[in-house]
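K.L.:
Chains as they are written, first to last, in the working numbering: chain Y, 1 to 498; chain L, 499 to 672.
Quick caveat, the hints were computed from the structure, so don't treat them as lab data.
Glycine included, each C-beta is placed from N, C-alpha and C at the ideal position.
There may be inaccurate statements among the hints.
[Stated by the list, open to error] Residues of chain L placed beyond 12 Å of chain Y at every Cβ, according to the derived structure: (1) 512; (2) 549; (3) 567; (4) 611; (5) 615; (6) 620; (7) 624; (8) 638.
[As the list claims (entries may be wrong)] Cross-link-like lysine-lysine pairs, in silico, DSS-like; alpha carbons within 25 Å at most: (9) Y:468 <-> L:604; (10) L:604 <-> Y:496; (11) L:604 <-> L:521; (12) Y:454 <-> L:593; (13) Y:454 <-> L:521.
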Amino acid sequence: MRKSDFDFTVPNRQSYVAILMILFKTINIVVRQLIPVLLVFLVGGAKDKGSYILMGVIGIALLSMIYSIINFFKTYFYIENNELVLQSGVFQRKKTSIPFERIQSINFEQNIIHQLFSVLKIKIDTAGSEKSEFEFHAIEEQKAQELRDLILAQKNQNHSFSTSEDEAAVNEDGSMVFKPIMTLGIADLFKVGFTENHIKSVGLILVFFFWIYQNLQEVGVDVDEYSEDIPEWEWNGTIIITLVALMMFVSVFISLIRTVVTHFDLQFLRSRHGFKVVSGLFTKKETSAADHKIQYISWSDNLLKRWIGFKDLRLNQASGAEANLKTSIKIPGCQDQHLESVIHSLFGDAQLEHMEVHRIDKRYFTRYVFLLSILYLIFAGVMIWFELWKPLIAGTIFYIYLVGNRYLSLTKKKYGYHDELLYVQGGIFGDKSELLPIFKIQALEIYQSPYQSKNGLCNIIFFTASGKIQIPYISIHLANQISDNFIYKVETDHRKWM
Amino acid sequence: MSFSNHQIQSASLPTISDITFEKLDPSYRKISVITSCIFCLVILIVYLFVGYFIDILYHWPWILVFALGWSVLTSLIIILAIKGYTYEGFAIREKDILYQSGIFFKSVVIIPFNRVQHCEIEQGPVDRMFGLSSLSIFTAGGSSSDLNIPGLAHDKANQLKQFITNQVARDEEE
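Looking at chain Y on its own, in the form it has when it is part of the complex (with noise of 0.2 Å):
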C-alpha cells in the first residue's frame, strides 16, 4: 500500500473551506425564504410588512450561521481500530464510530466552490443504522481520496475470505480500478436534452408562475389588479400559435440547460461488484450503486428518444437497513450494447431473449372504457342540456384521447418470467420495461376487484424494497401460479436481498 500523506488516527478538521460552504449554504436557503419578500419589495407594496419579516429571518439565519460555524470547529474525525469516529456537538459531545465493514459506500461531491478550492464533500453511506448517511462539508480531495482508499483497502482485507460486500476493486497500490460503460459526450448531451420529455417541462414552468403568483398573493399584492393594466388581446391564431410556439421553444431551452447542467460530462463506469457514475457541469457529482443494493432495473423512452435509439435506464436500489428510503440512479442516453452490458454484469446470461413473454387480457383495456364511457355520457347529457358546447368538444376529445392511452398501453402491456427475472413492459407512447430479479421480491399481494373476482381476473403486485412492480388483468389461475412459484423461489433462495 502507498504510504499515506496522512495522518488520521489524530483527529482531523474538515477544510476551512467548510465555513464557506456553510455560510453559502445559510445564505442559499435565506434566499429562497425571502424571494417572497423581495418580490413584494421589487413590485413596491406592503414594505413595512416586509421589513419585519427580513430581519427575522435574517436574525435567525445569523444564529444558526454561529451555531454552525462553532460547530465546525468542534467537528473532528479520525480512524481508530477499523472505525471512523465522529466527534461533534456544540453544547454536547456526540461522538459516532461507524465501524468499516458497515460502510456501503463513500460517494464524493464537488460544486463550484469545492473545485475552486478543491476540496470535495464526502457522503458515506452505511448499512444497519437509523442514519444512514454522513456529510462532510469540505474535505481537502487528496486526503478525501486517500481517506476512501484507506478506508476501502482495509475493508477488503478485512473481508477476503468472505462474501462479495466489498463495493470496488482495489489495486495493489490502493486506487479503485473502474471499467468504463459509457459516457456522455457533448453532442450526446443535446440528444438527451432535445428529447426529453418536454410536457413536464412546461409543466414546471407553470408550477413555478403559479407559486410566485401564490406567494406574491401570501403576502398581500394583488396581483388581479395589475393584470388588468395589460390591455385586453384579442385571441385569434397567430397569437395562439405563437404563444405555443414560444411555450415550446422555452421548454425544449429548458429541458436542455437541464440535461447539461446534471448530466454534464457523464461517465458510468464498472466496478468489480458496482456500478459508479459521474457527472454535472456547476457540481460534480459521484453516485455509486452496489450490485447487491440494486432490487430492479428498469429502462424507457419516448417517441423522439427512440428514434435516435436512447434510453434512460434507472437502478432501483435500497439504501439502509430499513430500507424505506429509496435511491434510484437515473443515466440518460444509454443505448442498446450499454443495458445489455448493465444486464450483464448484473445477473450473467439472463437470455432475455428466450423468454416466452405474454399479453394481459384485453379486458384491461374494455373494461376501463365502458367505465370511462359512463362518465362520458354522464358529462355529455348535462353538456348538452344547458348547451355548452365548447366543453363538450373540449371533453369529448380528452375521452377520446384517454381511451387511445388505455388502448396503446394494452398493446405495449407484456410480462415474461424465468427462473431468475421477472420481466415486465408496459408505457403508452414510449416503452417502459423492468427487470426484477425473482429473489428481490419483499411481499406479493393478488388484488381483485368486483368486476375481476367475477371474471376471473385480478392484479399481480410485486414489492420489493426500492418501489412496486404492478401486472394489471390476468387470470386468478395464472396469478396464483405465478405467486406460489416466485414464493417458493423467494423461501429457498439464500441470497441476500440487500
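Add chain L to chain Y, keeping to what the hints say.
P.N.:
Just chain L now, with coordinates in the frame of chain Y:
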C-alpha cells in the same frame, strides 16, 4: 457453497388456492362495530359543533340532508363492519404468512418469513376491553406491503409473534 438448480414440477408446489384461512377472533366483529359507531358519532358531534357557530346548518334543508346522509353512511359502515369480518382471515404456513381482506375489493398478501424485518403487537383502548391485539408485520417493501392483522386474542398474537421471530431467526442462521 455447492450450487444446485433442480427442476421443480410446478404442480408439486404448495399452492395458495387451497389454503383455508383462519378467522379472526369472534369478538373482533364487536370491536369493528364499536369503532365504526364511534367514528359515525364523531362525525355527528363535529356537525353539531360546527352548526353551533354556523346557524344555517341547523335549519332546513341542510339538517335534513345531513340527517339522511348520516344515517345512510352509518348503516353502510356498520353493515360493512359486520360483513367484513367474514372476509378477513390469515393463514400461517411453514415459511410464510398470508392475509386476506376486502368484501368487494379482495386482496391476498403473502409475506415470506425470510423477508420480515420486524413484528409489533399493538393494542388500542377498545381492543383492551375485549382482550384483543393486532399484529403488524413489516418488510422492506414499503408501508403498502406491511401487514396488519387485527382481532387476535392477546395470547395468540404473542404466540404468533414469537413463532414468526423464531422463523426469521432460524432463516438467518441457515
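K.L.:
So, against the hints stated earlier in the document, which numbers end up violated here?
P.N.:
1, 4, 5, 8, 10 and 12
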